[in-house]
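Put together the whole structure using the sequences plus the hints.
The numbering of the sequence shown is our numbering, which starts it at 1 and goes up by one.
I should point out that these hints are in silico values taken from the structure, not numbers from a laboratory. Careful, some of the hints might be misleading.
[Claimed, not checked] Quick list of simulated restraints, FRET-style, between CB atoms:
| hint | residue 1 | residue 2 | range |
| --- | --- | --- | --- |
| 1 | Asp405 | Cys478 | 19 to 25 angstroms |
| 2 | Ala404 | Asp149 | 53 to 59 angstroms |
| 3 | Ile434 | Ser352 | 49 to 55 angstroms |
| 4 | Val286 | Cys478 | 17 to 23 angstroms |
| 5 | Arg30 | Ile434 | 33 to 39 angstroms |
| 6 | Lys27 | Ser352 | 25 to 31 angstroms |
| 7 | Leu386 | Val431 | 28 to 34 angstroms |
| 8 | Ala455 | Ser239 | 40 to 46 angstroms |
| 9 | Ala421 | Pro312 | 26 to 32 angstroms |
| 10 | Thr35 | Gln201 | 55 to 61 angstroms |
[Stated by the list, open to error] The list that follows gives simulated cross-link-like pairs (lysine-lysine, DSSO-like), each with its CA atoms no further than 27 angstroms apart:
| hint | residue 1 | residue 2 |
| --- | --- | --- |
| 11 | Lys5 | Lys97 |
| 12 | Lys258 | Lys269 |
| 13 | Lys263 | Lys310 |
| 14 | Lys139 | Lys228 |
| 15 | Lys376 | Lys460 |
| 16 | Lys113 | Lys320 |
| 17 | Lys235 | Lys221 |
Every residue, glycine too, gets a C-beta built ideally from N, C-alpha and C.
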Amino acid sequence: MATAKIITEQLVTSSAPNDSAVTNARKISRTGGFTSLKKTADETLIYGECRGSGKNPYITSADFSGDTPVYRCSCPSRQFPCKHCLAIMLDWLAGKKFETGELPEDIAVKRQKLAARAEKAENPVTAAAKKPNKSAAAKKLKKQREGLDLAESFVNDILSRGVSSVNSASCAQYQNLAKQLGNYYLPEPQAVMLEIISLAQQLSENPDDKQLNALVKLCVKLSSAVRKSREYIDKKLESGEVMPEDSVLYEAMGNVWKLTQLKELGLYKQNTEILQLSFTIIRDEVHKMNIDTGYWIDLTDGEICKTENKRPFKAGSHIKKDDSFFGVYAVRELCRYPGGLNRRVRWDSAESRDAGQSDCARAVSLAETSISEVVKKAKNELKNTLSDPCAAFLLKYDSIEYAADGHGVLRLGDETISLRAAENYPDTIDVLKIIGSARINNSGEKAVLGEIFYAPEDRKICFCPVSVVTSCGIIRLC
Numbered sequence: 001m002a003t004a005k006i007i008t009e010q011l012v013t014s015s016a017p018n019d020s021a022v023t024n025a026r027k028i029s030r031t032g033g034f035t036s037l038k039k040t041a042d043e044t045l046i047y048g049e050c051r052g053s054g055k056n057p058y059i060t061s062a063d064f065s066g067d068t069p070v071y072r073c074s075c076p077s078r079q080f081p082c083k084h085c086l087a088i089m090l091d092w093l094a095g096k097k098f099e100t101g102e103l104p105e106d107i108a109v110k111r112q113k114l115a116a117r118a119e120k121a122e123n124p125v126t127a128a129a130k131k132p133n134k135s136a137a138a139k140k141l142k143k144q145r146e147g148l149d150l151a152e153s154f155v156n157d158i159l160s161r162g163v164s165s166v167n168s169a170s171c172a173q174y175q176n177l178a179k180q181l182g183n184y185y186l187p188e189p190q191a192v193m194l195e196i197i198s199l200a201q202q203l204s205e206n207p208d209d210k211q212l213n214a215l216v217k218l219c220v221k222l223s224s225a226v227r228k229s230r231e232y233i234d235k236k237l238e239s240g241e242v243m244p245e246d247s248v249l250y251e252a253m254g255n256v257w258k259l260t261q262l263k264e265l266g267l268y269k270q271n272t273e274i275l276q277l278s279f280t281i282i283r284d285e286v287h288k289m290n291i292d293t294g295y296w297i298d299l300t301d302g303e304i305c306k307t308e309n310k311r312p313f314k315a316g317s318h319i320k321k322d323d324s325f326f327g328v329y330a331v332r333e334l335c336r337y338p339g340g341l342n343r344r345v346r347w348d349s350a351e352s353r354d355a356g357q358s359d360c361a362r363a364v365s366l367a368e369t370s371i372s373e374v375v376k377k378a379k380n381e382l383k384n385t386l387s388d389p390c391a392a393f394l395l396k397y398d399s400i401e402y403a404a405d406g407h408g409v410l411r412l413g414d415e416t417i418s419l420r421a422a423e424n425y426p427d428t429i430d431v432l433k434i435i436g437s438a439r440i441n442n443s444g445e446k447a448v449l450g451e452i453f454y455a456p457e458d459r460k461i462c463f464c465p466v467s468v469v470t471s472c473g474i475i476r477l478c
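As structure tokens, then:
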């Protein structure tokens, strides 16, 4: 059982839904917004009364008795946790006096309900199991099957016309077709269609090879997704096994995985520790969202996985942002999405601790030791048209050098690989140069986290550095 002693500056900022909530919380703490501050004798709960805009003060608490903190406040804010919950934790960090008080009755009742819910989740046999609705699942698959025919006719029409001959009139027709696809539970193919239409509208009268290649690549991706998804659906309908299975096609059609589904399929690890190696925010114009993206290493087996917190533009202010995390998470159940390399992961709860030099040294010891083997693994992943256009690896290296043309080269023994900027990390190579070779090429074992991808302009596989890991710590390049 945790206590308020786990409160750190990192916990406050990582719990905040956005930066303004932290700023407002600091103001409340600095100006003494709480008129009453209390704690339970075991320090599992801190609570108090905070002045607000209304007649009555807000009742605020932070409860640490469970696996994860629970924040409660009587204010009308839609943000969670609100600025008052963050402020009471900042008051605790500031060393303000908290009087010892009794556990409030309403919180005692809520704790009992949470405990009962947790026990029910851990002992599903004692609970009434919810039967999967196979009829609804089959009906949805049949509807998706119809939509795939629309998507296929879209691709065939564009390719038969010739991508360079698409005009504004045909784009208007394609827009209507893409809207129709929204009725068939196929948001992902729909998004690819809209991206194709957008690129087609941008084509100049004399399109260059780069524009045409990008358009053809998207058409191939959509065509492949349609073909594989159709085979996937037909097989499931024929066999009668219509419920989700361990397949990337489920998400490629636009379905959303629930953690309960992943656990039912056995897609999780137990009792593991993960260390974040990098964090960035990717702006996805196609899907109209920001994606908080983190690469992590599993300190038990060296797997490089990633987290993605998707925040649609329209609802961005109401969804909690992820942020850089510099500690280690101990996760009881780490759920893993279907896929190959760099599987997406999520978890219900985790305990955090500070990362030490031993954790960084452990990460380096788990890094890949051959450029050729890494490139081979990446090629096997990239040739799948439904996979990401890049694959991330933590790779040991001897030195990072620069050729006469200014381009960087990563060297490991007798092997080398060219360094190039990737779409989501356009500035990391420049940051490497600013840091300087003396720090990057220090003695001792070291590794670099980076994305391997195919650079069409260079016609070769390249490596984009993202973070440098040494036994002393992690140097994040973005």
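(message) Does the beta carbon distance between Leu386 and Val431 stay inside 28 to 34 angstroms, or does it fall outside?
(response) For Leu386 and Val431 the Cβ distance comes to about 32 angstroms; the hint holds.
(request) Take the C-alpha atoms of Lys258 and Lys269, compute the straight-line distance between them, and say whether it is at most 27 angstroms. (result) OK: Lys258 and Lys269 at ~16 angstroms, within 27 angstroms.
(request) Could you tell me whether the CB distance from Arg30 to Ile434 stays inside 33 to 39 angstroms? (result) holds, 35 angstroms
(request) Kindly confirm whether 19 to 25 angstroms is satisfied by the beta carbon distance between Asp405 and Cys478. (result) At roughly 24 angstroms between Cβ atoms, Cys478 and Asp405 fall inside 19 to 25 angstroms, so the hint holds.
(request) With respect to the beta-carbon atoms only, verify the hint that Ala455 and Ser239 lie 40 to 46 angstroms apart. (result) Roughly 42 angstroms apart at Cβ, these two residues keep to the hinted range, so it holds.
(message) I want to verify a distance hint. Is the separation of the beta carbons of Lys27 and Ser352 within 25 to 31 angstroms?
(response) Because 26 angstroms falls inside the window, the suggested range holds.
(request) Compare the distance between the alpha carbons of Lys5 and Lys97 with 27 angstroms, and conclude whether the hinted pair is satisfied. (result) holds, 14 angstroms
(message) Checking one constraint from the list: CA of Lys263 to CA of Lys310, max 27 angstroms. Satisfied?
(response) holds, 21 angstroms
(request) For the range 26 to 32 angstroms, tell me whether the beta carbons of Ala421 and Pro312 fit it or not. (result) For Pro312 against Ala421, whose Cβ atoms are near 27 angstroms apart, the range 26 to 32 angstroms holds.
(request) Please test the hint of 53 to 59 angstroms on the beta carbon pair from Ala404 and Asp149. (result) holds, 55 angstroms
(request) Take a quick look at whether Lys235 and Lys221 sit within 27 angstroms of each other, Cα to Cα. (result) Measuring from Cα to Cα gives roughly 21 angstroms; hence the hint holds.
(message) Please verify whether Lys376 and Lys460 have alpha carbons no more than 27 angstroms apart.
(response) holds, 13 angstroms
Hint compliance for this structure: hint 3 is the single one not met.
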